[in-house]
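Please dock the two separately framed chains into a single complex, following the hints provided.
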Amino acid sequence: MSRRPESGFSGLGLADMALAVCDHLLKNGIQVVLSGGACVSIYTANKYLSYDLDLVLLSSEKQKETKAVVTALGFIEEGRYFRHPDSPFFLDFLPPPLSVGEEPVKKIAEIRKGGRVLKLLSPTDCVKDRLAAYYHWNDRQALEQAILVFRDQHVELAEVRRWSIAEGMARKFSIFKGLLPQKKR
Amino acid sequence: MFKALFGSERKGRVLLFLHAHGESYPSEIARALGYYLNSVQTILAGFERGGVLYSRLRGKVRLFGLNPRYPFRRELEALLEKALPFVDPAEREKLFTPRLRPRRTGKPL
Numbered sequence: 001m002s003r004r005p006e007s008g009f010s011g012l013g014l015a016d017m018a019l020a021v022c023d024h025l026l027k028n029g030i031q032v033v034l035s036g037g038a039c040v041s042i043y044t045a046n047k048y049l050s051y052d053l054d055l056v057l058l059s060s061e062k063q064k065e066t067k068a069v070v071t072a073l074g075f076i077e078e079g080r081y082f083r084h085p086d087s088p089f090f091l092d093f094l095p096p097p098l099s100v101g102e103e104p105v106k107k108i109a110e111i112r113k114g115g116r117v118l119k120l121l122s123p124t125d126c127v128k129d130r131l132a133a134y135y136h137w138n139d140r141q142a143l144e145q146a147i148l149v150f151r152d153q154h155v156e157l158a159e160v161r162r163w164s165i166a167e168g169m170a171r172k173f174s175i176f177k178g179l180l181p182q183k184k185r
Numbered sequence: 001m002f003k004a005l006f007g008s009e010r011k012g013r014v015l016l017f018l019h020a021h022g023e024s025y026p027s028e029i030a031r032a033l034g035y036y037l038n039s040v041q042t043i044l045a046g047f048e049r050g051g052v053l054y055s056r057l058r059g060k061v062r063l064f065g066l067n068p069r070y071p072f073r074r075e076l077e078a079l080l081e082k083a084l085p086f087v088d089p090a091e092r093e094k095l096f097t098p099r100l101r102p103r104r105t106g107k108p109l
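Heads up: the sequence lines are chains A and B, in that order. Residue numbering for the first sequence is 1 to 185, as defined by the working numbering. Residue numbering for the second sequence is 1 to 109, as defined by the working numbering.
Only chain B is shown next, with the shape it has when bound in the complex (with noise of 0.2 Å):
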């Protein structure tokens, strides 16, 4: 579906994990997707570099996410939400549809 676009799915599925999950580090991306660290790693520095995402420490973590300031991110939202309903739905329900709304501590699942 990305390859075209980004010259890798790999590329295309680790923007669509971010503008599903709003921030995210690349352990859990590397993970969620089952990339190896490096290429999710390799993959974020070059989006990083190009203006695409913006990458924030938050404690030891480093977060990355839609950079709010690229000057096409409006269409580049617009194109991964278009993708969404693409994505095989088991898949985007386990992978793009993540439970964002806060849950209080204790409360049972």
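The shape of chain A in the complex, shown without the other chains (with noise of 0.2 Å):
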């Protein structure tokens, strides 16, 4: 019996997930960002576990591509999403633009490590990201999810107003900032 190579993600976090894939990708000339969950398990040291690594490409004209490039790396095709047996972590990658509620992301944070590269929202895009979530589906894990990122990472909260209230949800980002836990200076 044939046996199938060693794929190398055996075994990997999250976070070194997402670095494999998303600096592969980039070495194949697509752009990807990180978003959803996954950046708040980056973001609070797995304090919250997403197994979906949301990916958010920065080019309509790259879908094809992205498809084969992924394949060729072992991951299986299932429905809209892309699983690789090694791992427990699945690909789902969304359509441009990369955006949080109805605003374009204009600063995208990196990670790079043994000289990968991976994109993601920043720890404030991220809390955006989370309390779109919140706002528009009341969806209360997305609210604490905001708030552990908060709590671990600095988040520019002046800038997370000025987008709650453009977003005309004033109201729901009162009820956030009463919930957040004081800071040590």
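In case anyone wonders, no lab produced these hints; they're calculated from the structure. Treat the hints loosely; a few may be bogus.
[As the list claims (entries may be wrong)] Quick partial rundown of chain A residues pointing at chain B, CB under 8 Å, derived from the structure:
hint : residue
1    : R80
2    : L94
3    : P95
4    : P97
5    : S99
6    : G101
7    : E102
8    : A132
9    : H136
Backbone N, C-alpha and C fix where the C-beta goes; we use that ideal spot for every residue, glycine too.
This is the structure in structure tokens:
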């Protein structure tokens, strides 16, 4: 019986898996930005663990190429997701534009490790992204995730407030703000 | 009316239906607009993939609606709202003017 070659994905945690996939895509000319719950996992050292890697494509021209590149890595397409037999995480490629609510993301964060690059939402945009789910779906889990990110990272609260008001969500921002822990300076 | 913009008249009418009804499910949309179910499902799946629509399960039914997190939602809603008066009045009354307020159980129609 023939054995499947070692993928290198076995045992990788979420951040390393995201780093490996994003870096590989980048080397093939495909720019993606990690969004959604996976950013919460990374920014909170897995206090909240996501298995879903939401990767926003920066160019809609690259959708077909993306499928070929990840399939060559051993990922298998299942509906709109891609799974790898050596990993519990799955990939979901989302179309551009990269946005939080009604606004485009202006500044993309990067994590560099061992010569690899992972592009992802900044902590401030990650909080906005989670709050968008709370604001529009009333999702309390997303609200708690936003609080976790605020607690563990530097988040520009004034910017989150400005964005919330622009989204028409000043009242819900007050609820979020009231739940935030005091940070030591 | 919508063909030049969305590539097909059906796509625009499906969006208009969802804009007017808030949420709906594929067989309701297909029945109301007189389209094949498969055709409606393909249209909905395409818009969902593009982030224009959301879907959620309610019991055994998958409901679709305009995604409030779609960055051009306000502009899309404005366009659909502007399109409504251009629909034939009888059709607008029948398909795109639903009663959304509640009706108490047992109340005669």
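Outcome of the hint check:
This hint holds: R80 of chain A has a C-beta 7 Å from the nearest C-beta of chain B, less than the 8 Å allowed. Contact between L94 of chain A and chain B, as hinted, is supported at the beta carbon level, the nearest pair being about 7 Å apart and thus within 8 Å. Here the hint on P95 of chain A is kept, as its CB sits about 5 Å from the closest CB of chain B, short of 8 Å. Because the beta carbon of P97 of chain A sits about 6 Å from the nearest beta carbon in chain B, less than 8 Å, this interface hint is met.
The beta carbon of S99 of chain A is positioned within 8 Å of a beta carbon in chain B (closest approach about 4 Å), and the interface hint is therefore held. With a least beta-carbon distance of about 7 Å to chain B, the hint placing G101 of chain A at the interface is held under the 8 Å criterion. Residue-level restraint check for E102 of chain A holds (minimum Cβ-Cβ distance to chain B is 5 Å; threshold 8 Å). At its closest, the beta carbon of A132 of chain A sits 5 Å from a beta carbon of chain B; the interface hint therefore holds under the 8 Å criterion.
For the restraint placing H136 of chain A at the interface with chain B, the shortest Cβ-Cβ distance is roughly 4 Å, inside the 8 Å limit, so the hint holds.
Every hint, counting from the list given before, is met by this structure.
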